[in-house]
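Asker: Residues per chain are reported as follows:
There are 4 protein chains.
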Amino acid sequence: MEQEIKVAVYGATGYTGVELINILLKHPRVKIVGLTSQSHTGKKIGDVFPFFEECLGDLTLTQDVEEEYDLAFLCMPHEQSLELVPRLLNQGKKVIDLSGAYRIKNPKIYSEYYGFEHGYPDILEKAVYGLPEIYRGLIKSAQLVANPGCYPTSVLLALYPLLKEKIKIEKVVITSLSGISGAGRKPVQHFHFPEMFGDFFAYSLHKHRHVPEMESVIKEVGQLDISLRFSPVVVPASRGMLSILSIFCEKIEPVELYIETYRCERFVKIASEPPHVKHVLGTNMCLLYPLWDPRTNCLQVISVIDNLGKGASSQAVQNFNIMMGFEEGMALNTIPNFP
Amino acid sequence: MEQEIKVAVYGATGYTGVELINILLKHPRVKIVGLTSQSHTGKKIGDVFPFFEECLGDLTLTQDVEEEYDLAFLCMPHEQSLELVPRLLNQGKKVIDLSGAYRIKNPKIYSEYYGFEHGYPDILEKAVYGLPEIYRGLIKSAQLVANPGCYPTSVLLALYPLLKEKIKIEKVVITSLSGISGAGRKPVQHFHFPEMFGDFFAYSLHKHRHVPEMESVIKEVGQLDISLRFSPVVVPASRGMLSILSIFCEKIEPVELYIETYRCERFVKIASEPPHVKHVLGTNMCLLYPLWDPRTNCLQVISVIDNLGKGASSQAVQNFNIMMGFEEGMALNTIPNFP
Amino acid sequence: MEQEIKVAVYGATGYTGVELINILLKHPRVKIVGLTSQSHTGKKIGDVFPFFEECLGDLTLTQDVEEEYDLAFLCMPHEQSLELVPRLLNQGKKVIDLSGAYRIKNPKIYSEYYGFEHGYPDILEKAVYGLPEIYRGLIKSAQLVANPGCYPTSVLLALYPLLKEKIKIEKVVITSLSGISGAGRKPVQHFHFPEMFGDFFAYSLHKHRHVPEMESVIKEVGQLDISLRFSPVVVPASRGMLSILSIFCEKIEPVELYIETYRCERFVKIASEPPHVKHVLGTNMCLLYPLWDPRTNCLQVISVIDNLGKGASSQAVQNFNIMMGFEEGMALNTIPNFP
Amino acid sequence: MEQEIKVAVYGATGYTGVELINILLKHPRVKIVGLTSQSHTGKKIGDVFPFFEECLGDLTLTQDVEEEYDLAFLCMPHEQSLELVPRLLNQGKKVIDLSGAYRIKNPKIYSEYYGFEHGYPDILEKAVYGLPEIYRGLIKSAQLVANPGCYPTSVLLALYPLLKEKIKIEKVVITSLSGISGAGRKPVQHFHFPEMFGDFFAYSLHKHRHVPEMESVIKEVGQLDISLRFSPVVVPASRGMLSILSIFCEKIEPVELYIETYRCERFVKIASEPPHVKHVLGTNMCLLYPLWDPRTNCLQVISVIDNLGKGASSQAVQNFNIMMGFEEGMALNTIPNFP
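Chains as they are written, first to last, in the numbering used here: chain A, 442 to 780; chain B, 442 to 780; chain C, 442 to 780; chain D, 442 to 780.
Hints are computed from structural coordinates only; laboratory data are not their basis.
Mixed in with the good hints there might be a few duds.
The list treats identical chains as interchangeable, and a pair is accepted whether it falls inside one copy or across any two copies.
[Stated by the list, open to error] Here are the computed lysine-lysine pairs in the BS3-like style, where the Cα-Cα straight-line distance is at most 27 angstroms: (1) Lys627 - Lys484; (2) Lys648 - Lys692; (3) Lys605 - Lys581; (4) Lys447 - Lys534; (5) Lys605 - Lys485; (6) Lys472 - Lys660; (7) Lys581 - Lys535; (8) Lys484 - Lys534; (9) Lys627 - Lys581; (10) Lys609 - Lys660; (11) Lys546 - Lys605; (12) Lys546 - Lys627.
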């Protein structure tokens, strides 16, 4: 039997943590040895989520992980990841951080967009942005992978073919729709079921943390210095993300370019009609639909992912597989539960 | 007691028809004397919708309306309205047409976007576009009001302050989210409950009938010849519409302009934060939220309506009130059912 | 112009409070002079619910109501109603209490089911149970009306024809499904949108507060001492309630009995097929569907209401109309918003 | 490498067919060699469901399966299964039939409940009812397995501990709530999204096909001749089933009995509080919650399954595994997607 990698999940009781555990339990080369939770410290995981009882019945949620392990997945608030990462790296652990704490090279962004000073610019420098379709080579040998946000994943995969080809882009206007799980598991008034049921609304129109994350990758990969007009919207669904990009750029025939760019990618496909969010729920897939609109001289791209899948936890496992030299799709779904 | 206006509703069993009847039943100056339905001809309305039995129990759904009446509301397919309108006008009836058959002055648009030749260009010429906040004066004396589509209502009210002031606009990118009732009452595969539940997707990205409708009003009111980049999306809710406009235009301070433009309007309000669709469901309200984004030099405007309310049936009643010289808000809600 | 009744709403920011205000604003004989809220004291109602701003813009949410008024609606937690009612009655106010604090004559029930000692048995004695179809006569002259719970309303209206006729009943098994608004407006984990979306589950199977409320009316009206087997269930909808009663009783032909019992009632109708919750949302209606099952010798009755309508706030207004001698249906809907 | 079993799926484009394919694609010992569809004959499966394109891209939907195979899963209408089964058995194929055509031994039931004469009483006799927790021994050597309906699965697993112990039962009252996928994939008016959204209602109260199916197993296993009072309800969710049983029987301590009965079963667990449907979605699990109510001398049992999982397709794969001598849980989930 092949050797198992021992992993810890920090922040096991949020949505990304639960999704991650769910995937890791199907992974033939992983053993989960530790789970942490701020809100449920001391409980068994099966007391919080009964469906985990059988597989993880003996695991108690702790503040920290004492057991030996090889790699930590961090599903915690940004501020907590910020401080935990240096400690784990010092211990020689590999880390995949699902928070935003190490996604952006420029530390100044953090004080403006996250509200804290980033005291570890050197670690920022070493962190690899975990979007495999762009940074696979670096991920392979990374000690710290900063797993991308859900909005950036859906948007950057839609832009990458243009960036790679250095297409000249003038303006990008993005509307992204997200299911409510993207806002986390903590109950709040406007996501209380009776209020969100039948509701949908835009938010954070002035300033969203994912904007500098997207712009910094665009700059790095495409050598482009553009400001995105980004409007996030929540819709009454649990999961799923749909991004609509209107890109004003030099005229191209996009379908061929998009197909070519992702020809060897297993988790990015070009759809032949506008894709449905429901076709990617529970999977690691991103479906793209590019379209040139001659009326407005605009490239329209539709991108769908599962915000907890390719937008978070399954992408983290994809990164894990790359880091460990495993087959990249190990334990990852491509077919959604339907309906 | 004041005199009642006798009205007929053609196409009474679709969603806009039902919503219209519901409002008209609360209207103190209206008597419904005839209802038609293609699909349920010969049935009583109470057999199709039991909740109408008590108020309209004796009314049978017919192919045509024989009774004498003053005004007809048409909630039928475009092609049927197209042919019925001339006949009713000849009979001296007033008509409020909720279809698209008489919304656009240029008859050529119909062959391109609706798939039929429009044989009544003279009537097109006389028809008044029923958006009261823009065309109130003309509506007062119109014999035929072409009630706007839901997408155009939400978009044009968001653009009107700019059009009125002749603000120079370079580009407009619009994403509009709609509840499923906007697609009509006929069951189809992708709106079958198990499939639409948890799903959301963009559609008609190449060509949507409401685009020329919007562009022709923009041209008429703002003397602007612009092509809109318009992306409609359906989300898993029954009702409601949210439009997100990214407008690249000369720099303005929008809040004052928007408040000023709509100061005397009862059904358009400027919200102080991004408005929720749920706050307008069941009402005739439109809530607007304008915001200048200095990062992208872009005016962002959020607009919410109920697609069956201000986007269709309650707006039709608002037009009716104007045409009849009644108080404009008669029978119209401003407060939503909540939650 | 006819005289307005001045009313206060205690607990204005919960779901029953909001629904009540919404109805009262349409009531031609009501003036709202005071609103209280524990959680939002000091804010204007329009800051909490922007859609109330126009109609109630000047009203500030207070801890108590200082203004003169005639009648108070209490939409507060049971414990708060318990103590407030005696004080208001002493001041000569009329009171309609939507909490459970004065619904059950036997004060001992309160320690067992509500967890508090009930110190006002004399007031319990005087309180009238506000189910108009059963207690209309007493409501007319009541100073304190204890407005029924949503489950009891749906169940008791389904049982009343049997109770009135003193039909011998052996067993009653009830399953009641409720939308989530019945659980209140305070955000909690399992009603957080992503968790309740697609979920449904039974709860409080051992002991539910509404059981003694139902049993005490059954005993009083039907002289029957039976223990109900009652299973409440929550389903992923905002509003609505569906009760399914399986009644083992002497053989009857129920349809005629039910129609006869409610022949003169405006808000209770006998449906000719199993009624949909959606047909009563936003209304004060109760639809009943009785059916004798010869296979099991069992009377099956289906009952649907809006839990916030006939199950709470519109029923409170119905009681108000009766107490004030107004037309009983004033301001009350019988036609739902659809779809 | 171990030998693959070649299977055909008849009726591949309905919900149970799609779910089945999804599970079979994860099964290490299965090769799908043929798919049929009445409604999409001639299309590739990837044209109907794009997410199947990669795994099954070359498979065309046919009327019949010409390829050689070992076992057929039938996900077709009852009438079609009725006629196909004899033909396939004659060819020596093994068959798992997900329709109701071979579930009930007494052929007379079919004319009364299904509306057709059953011309194959001898095959009915040989068919094994595919509820592994009751009939595992017979399933092992069956050529034809009649896969249970979703309602019977949830109800019979809740009753089995009593039947096995020959507990005396007087009455059983059942309310079962189902997601809409249980009604099939064909669009119909009342399951059109805008109408079902926020709705819930009971149906088929007089006569439901699953009643004789349940009663015949109860008779066979428990030697009990009882008539069930059964009320099915649809709720606004895509998947899931919750059954609430009120069982009037001799007094027992149920928890120990239920735990003991299912101690060795992997897919039936006794929950320590009322289980959520969401905890079994996408799995083959059944969660049971038994409770003795001393007030009514009634045993209450709550049972949850995924109607398309343990209620249909994953149970079919469980039966398949048993028939083939594979590990019973092969390819089957026990952990739900959450949220």
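Asker: Compare the structure with the hints numbered earlier in the document and write down the numbers of the violated ones, lowest to highest.
Answerer: Hints 5, 6, 9, 12 are the ones this structure does not satisfy, whereas the remaining hints hold.
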